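As they're listed, the protein sequences go chains W and P.
Residue numbering for the first sequence follows the working numbering, starting at 235 and increasing by one per position.
Residue numbering for the second sequence follows the working numbering, starting at 63 and increasing by one per position.
Calculated from the structure, these hints are not laboratory results.
Small disclaimer: the values here were computed from a predicted structure and weren't measured.
There may be inaccurate statements among the hints.
[Claimed, not checked] Here are the computed distance ranges between Cβ atoms for each label pair:
(1) Trp370/W - Val82/P: 38 to 48 Å
(2) Gly118/P - Gly264/W: 46 to 56 Å
(3) Gly118/P - Arg402/W: 28 to 38 Å
(4) Ala484/W - Leu71/P: 45 to 55 Å
(5) Val434/W - Gly85/P: 50 to 60 Å
(6) Gly118/P - Ala393/W: 24 to 34 Å
(7) Gly118/P - Pro261/W: 26 to 36 Å
(8) Gly75/P - Ile410/W: 40 to 50 Å
(9) Leu428/W - Ser113/P: 22 to 32 Å
[Said to hold, decoys possible] Beyond 10 Å from chain P on every Cβ pair, some chain W residues (computed):
(10) Val288
(11) Pro290
(12) Trp310
(13) Val317
(14) Phe329
(15) Trp354
(16) Thr355
(17) Ala372
(18) Ser376
(19) Ile394
(20) Val397
(21) Leu407
(22) Ala453
(23) Val470
(24) Ala480
(25) Met486
[Stated by the list, open to error] Pulled from the structure, derived: some chain W residues nowhere near chain P, Cβ distances all over 10 Å:
(26) Ala289
(27) Gly296
(28) Thr344
(29) Asp371
(30) Gly386
(31) Ile410
(32) Gln430
Ideal Cβ positions, reconstructed from N, Cα and C, are used throughout, including at glycine.
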Amino acid sequence: MPTSKLQGQIKGNINWFKFAAPQRFYPLAGKLVPWFTVIGILLAAYGLYLGMWVAPTDATQGDAYRIIYVHVPTAWMSMVIYVAMAGWAGAGLVFNSRLSSMMACALAPTGALMAFLALWTGAVWGKPTWGTWWVWDARLTSTLVLLFLYIGFMSLHAAIDDVRRADRAAGVLALIGVVNVPIIYFSVVWWNTLHQGASVSFKGTSMATPMLVAMLVMALAFWAYCIALALMRVRVIILDRERHTAWARAEMGVT
Amino acid sequence: MWNSFGDFLAMGGYGFFVWVSLGVCALVCIFEPISLNLKRRALLAEVREQSQADTGQS
Numbered sequence: 235m236p237t238s239k240l241q242g243q244i245k246g247n248i249n250w251f252k253f254a255a256p257q258r259f260y261p262l263a264g265k266l267v268p269w270f271t272v273i274g275i276l277l278a279a280y281g282l283y284l285g286m287w288v289a290p291t292d293a294t295q296g297d298a299y300r301i302i303y304v305h306v307p308t309a310w311m312s313m314v315i316y317v318a319m320a321g322w323a324g325a326g327l328v329f330n331s332r333l334s335s336m337m338a339c340a341l342a343p344t345g346a347l348m349a350f351l352a353l354w355t356g357a358v359w360g361k362p363t364w365g366t367w368w369v370w371d372a373r374l375t376s377t378l379v380l381l382f383l384y385i386g387f388m389s390l391h392a393a394i395d396d397v398r399r400a401d402r403a404a405g406v407l408a409l410i411g412v413v414n415v416p417i418i419y420f421s422v423v424w425w426n427t428l429h430q431g432a433s434v435s436f437k438g439t440s441m442a443t444p445m446l447v448a449m450l451v452m453a454l455a456f457w458a459y460c461i462a463l464a465l466m467r468v469r470v471i472i473l474d475r476e477r478h479t480a481w482a483r484a485e486m487g488v489t
Numbered sequence: 063m064w065n066s067f068g069d070f071l072a073m074g075g076y077g078f079f080v081w082v083s084l085g086v087c088a089l090v091c092i093f094e095p096i097s098l099n100l101k102r103r104a105l106l107a108e109v110r111e112q113s114q115a116d117t118g119q120s
């Protein structure tokens with residue numbers, strides 16, 4: 235293709251657009267999955283050891299605070315994945331690149347599960363500390379909206395038969411929903427919420443070192459998990475959508 | 063940190079909440095790759111079946 239050759243020359247003969255082709259990205263993703271899986275398992279084992287075994291009991295919340303080691307990483311990932319999903323969906327709309335839209339579709343279920351886990355662990359943490367599983371507080375409500383945005387994205391995509399039209403419609407929805415992410419992040423600042431403020435922010439932290447290290451290790455473990463799952467899922471999506479091409483059929487063992 | 067394994071499980075009286083949180087996270091992280099693998103297998107079976115049906119007709 236002449237355009238990709240030209241792009242390759244602009245980038246100093248390294249063709250970064252090479253992997254934008256589903257056929258090229260499929261084996262690359264396959265090579266990356268085991269690495270992220272192993273890194274994720276090792277980090278989770280180390281993070282749980284630090285958080286559950288080494289880190290001391292919290293002075294005010296007792297051991298209930300240990301839910302933080304899964305609550306904060308899943309909540310962070312639910313927001314990070316949404317931004318990534320919307321970014322890929324936007325790239326798919328602007329450049330009309332199929333792989334970008336496939337990446338958006340691959341991220342949505344994992345993001346939805348992370349949002350669900352953030353809400354679930356939050357509810358189970360809220361019961362002993364606030365005395366209730368749920369309140370209609372700004373942080374909790376906006377996170378529930380995030381879960382519904384993921385579900386809306388997947389439902390809308392599934393409802394449209396023409397997959398490229400589905401990419402565009404769901405992509406627009408994903409982009410509109412991005413406004414909810416800063417609302418979640420700043421909700422504890424903008425409104426008087428029952429949910430506590432950020433323990434870790436870009437300005438610094440109020441957490442003790444062993445607790446902070448354990449939480450950051452767990453956050454990295456969830457990063458690795460989510461990347462591994464998104465890559466695994468994009469491979470299935472690529473095969474599904476490329477099922478009529480010779481390379482995909484060879485990959486699936488059909489002629 | 064912990065005096066005994068029983069202490070560890072009790073989590074200072076919050077054991078139920080802590081282990082239910084962690085347990086559901088673990089279940090999701092096990093269930094998600096398994097369900098994805100099943101989807102992959104279903105896709106392969108579907109494509110193979112279609113290709114066999116196509117070659118049978120022609």
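query: What are the numbers of the hints that this structure violates, sorted from low to high?
result: Going through the list in order, the structure violates hints 1, 2, 5, 9, 10, 11, 15, 16, 23, 25, 26, 27, 28 and respects the others.
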